[in-house]
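Chemist: Keeping their order, the protein sequence lines are chains A and B. Here the first sequence is numbered in numbering that gives the first Met the number 0, starting from 0 and rising by one per residue. Here the second sequence is numbered in numbering that gives the first Met the number 0, starting from 0 and rising by one per residue.
The set of hints was computed from the structure by calculation and includes no laboratory data. Hints may be right or wrong, so weigh each one.
[Stated by the list, open to error] Not close to chain B: a few residues of chain A, all C-beta gaps over 12 Å, as computed: (1) R11; (2) E37; (3) I66; (4) E69; (5) H111; (6) N267.
[To be verified] Partial pick of chain A residues on the chain B-facing surface, computed with a CB cut under 8 Å: (7) Q67; (8) L68; (9) A102; (10) V110; (11) A112; (12) R215; (13) D218; (14) D221; (15) I381.
Everything numeric in this text was worked out from a predicted model, so none of it was measured. Using N, Cα and C, we set each Cβ at its ideal position, and we do this for glycine too.
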Amino acid sequence: MMKETPIAAFDRELSIDDLLKGVNREKLLQALRSLLGESVCILNMAGDSVLGEYNDRIDSIRIPLTIQLEPVAYLQAGDSKVTHSATILVEQILKSAERYLMASNLHVEAVHADYEALQKKHEALMDSEEKYKALAQNLEQRVEEQVKTIENAQRQLYQAEKLASVGQLAAGIAHEINNPVGFITSNLATAQNYVSNIVKFSEQIQKELNGPVLKRVWDECDIEYMLQDFNELLKESVSGAERVAGIVSDLKDFSNVDRTEEATLNINQIIHSVCNVATNQIGQKAELELALGELPLTRCRPGHLAQVFLNILLNAVTAIKKAAGKIQIESGLINREIVIRVSDNGKGMSAEVMRRIFDPFYTTHDVGEGTGLGLTVSRDIIAAHNGTITVDSQEDTGTTFTIILPVKE
Amino acid sequence: MAEYDEQLQKLTIKLVYYGPAQSGKTTNLMRLYDMLRPELKGDIMTMETKNDRTLFFDLLPIGFRAPSGLLIKFKLFTVPGQVAHDGTRKAVLSRADGVVFVADSQSSQSMNNAQSFQNLADNCARAGLDFESLPLVIQFNKRDLPDIVSKDEVSARWDKTQWSLFFSSALNGDGVKETFVELLRQVYPAMERRFELHTKHGIKEHDFIMSVMTSTETGVP
């Protein structure tokens with residue numbers, strides 16, 4: 000707001016200069032001269048002329064011009080009756096000027112006061128507007144907080160449901176596969192016994208029935224090779240069935256994701272199980288290198304941590320775009336804290352993306368490929384373990400996630 | 000606020016007649032002009048419109064000289080009473096050293112009196128005057144008219160307050176001087192305190208009042 004110069008009070012004392020402002024000086028002087036002669040002049044209280052020319056003729060007299068109670072000036076002219084009458088006349092002119100000046104000054108003062116009052120009202124309005132603005136902003140912030148809380152709850156609910164359904168599916172499949180794998184393994188073992196018996200039996204046949212027909216059929220059917228290969232086939236099948244059994248066992252471990260209770264175990268165990276589950280996704284795309292150090296047992300929620308490692312591992316796989324992809328998982332104990340580091344030599348990400356990857360519903364994947372919740376939930380899970388998760392990435396070079404968890408006994 | 004000019008040896012005291020429209024503020028001033036005989040009395044300056052209503056203000060300057068040579072000058076103002084002229088009213092009230100509130104005794108005017116009195120309090124605050132300590136005399140005017148609020152009723156209301164109450168008929172001059180004397184009596188202590196009227200200028204409360212009333216009774220030259 001502009002600072003106004005203070006308005007002069009309307010009831011201030013007016014000087015002769017003020018009073019003569021509203022009077023045509025030239026005409027007044029002309030009239031006075033024709034009445035009182037050329038030597039007439041009006042002097043201010045200091046004795047300086049304010050109208051007409053000062054002179055010091057000895058035959059002149061000075062008569063005070065009184066406004067309100069006091070003289071404001073003197074009329075100087077020749078000593079005559081007319082001079083006294085002229086004084087009264089000039090006084091009346093000055094009083095009229097005074098009346099006008101006071102009224103106009105009062106008007107200015109009043110208008111200024113009204114203007115100031117308006118300004119104050121305006122300021123008060125601005126103040127109240129500020130208050131409402133602040134309130135509105137506060138409201139926005141509170142709503143934002145509420146929304147965040149709701150989003151958080153929704154996210155956890157979503158994740159819990161997802162984990163539960165994945166867990167149920169995995170448990171169901173594991174159970175269904177376990178039985179056939181069981182009898183396949185057992186049958187294969189029996190079949191191996193049978194084959195060794197058949198081998199023994201065929202040797203005897205060759206010794207005792209050395210006829211030309213048998214020899215021909217024996218060669219035609221390549222029984223010797225068949226018996227040898229049969230055994231190999233069974234051996235291969237047994238090892239295949241064992242692998243199936245191993246995957247089922249890992250799947251079962253992993254299907255415990257919906258288990259929220261804590262367990263005390265070695266985190267390397269979780270990492271192994273996650274790697275086995277992800278083997279298919281990793282496939283030929285990348286070489287997985289494990290460098291797992293000695294870790295103490297720690298209390299944690301294995302299902303949740305498995306979810307975190309799987310999220311990060313699958314993200315790493317997705318990031319690999321070139322041949323000779325490499326993913327490394329390291330673990331170790333540094334400063335009495337468990338440190339797990341997952342690095343890839345994939346496409347990396349920009350600082351902009353890096354800033355946002357933990358934001359809910361933020362995803363760089365195509366529609367349908369990711370919910371944008373994986374890393375958000377991962378961060379939540381690690382935070383629930385009183386740990387931290389950080390990311391370091393460079394475009395075209397790779398990304399490293401570092402998880403630090405405190406050891407809980 | 001009173002203005003003291005040491006060089007010119009002059010003290011100017013501003014007194015204001017406040018109140019609702021047509022309650023008799025200008026009439027009070029005219030009667031004082033007729034009745035007071037101070038050493039110095041200027042012309043009364045009135046600014047009336049054709050309906051006898053004060054548009055800006057009326058002004059009556061009076062004064063006397065103290066034994067010390069100090070000129071004590073009173074400027075008696077009236078404010079325009081009409082509600083619409085509030086800006087002017089506030090400007091006139093500014094810097095006042097004392098106020099006479101002129102109320103209209105007619106029964107029909109009670110509401111206007113109350114509004115105007117509230118307006119006085121508001122404008123005091125706006126003009127930076129302390130309403131509680133401001134010298135203020137209440138005058139119920141127009142006692143000569145029929146259909147007025149009785150003295151008992153007015154007293155019952157105002158005796159409980161800190162302000163002195165006077166009844167007047169300004170048109171006849173009744174109560175006008177008494178009201179003014181009471182205002183002078185209230186104004187004196189503040190002036191004495193600020194300007195040492197007694198010790199430095201030889202003016203006691205009695206002289207202060209009587210010098211305004213008449214120039215002969217005080218014996219002040």
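Chemist: Does each hint hold? Answer for all of them.
Modeler: Verification of the hints:
no. : hint : result
1   : R11  : violated, 8 Å
2   : E37  : holds, 31 Å
3   : I66  : violated, 8 Å
4   : E69  : violated, 7 Å
5   : H111 : violated, 8 Å
6   : N267 : holds, 81 Å
7   : Q67  : holds, 4 Å
8   : L68  : holds, 4 Å
9   : A102 : holds, 5 Å
10  : V110 : holds, 7 Å
11  : A112 : holds, 5 Å
12  : R215 : violated, 134 Å
13  : D218 : violated, 129 Å
14  : D221 : violated, 122 Å
15  : I381 : violated, 64 Å
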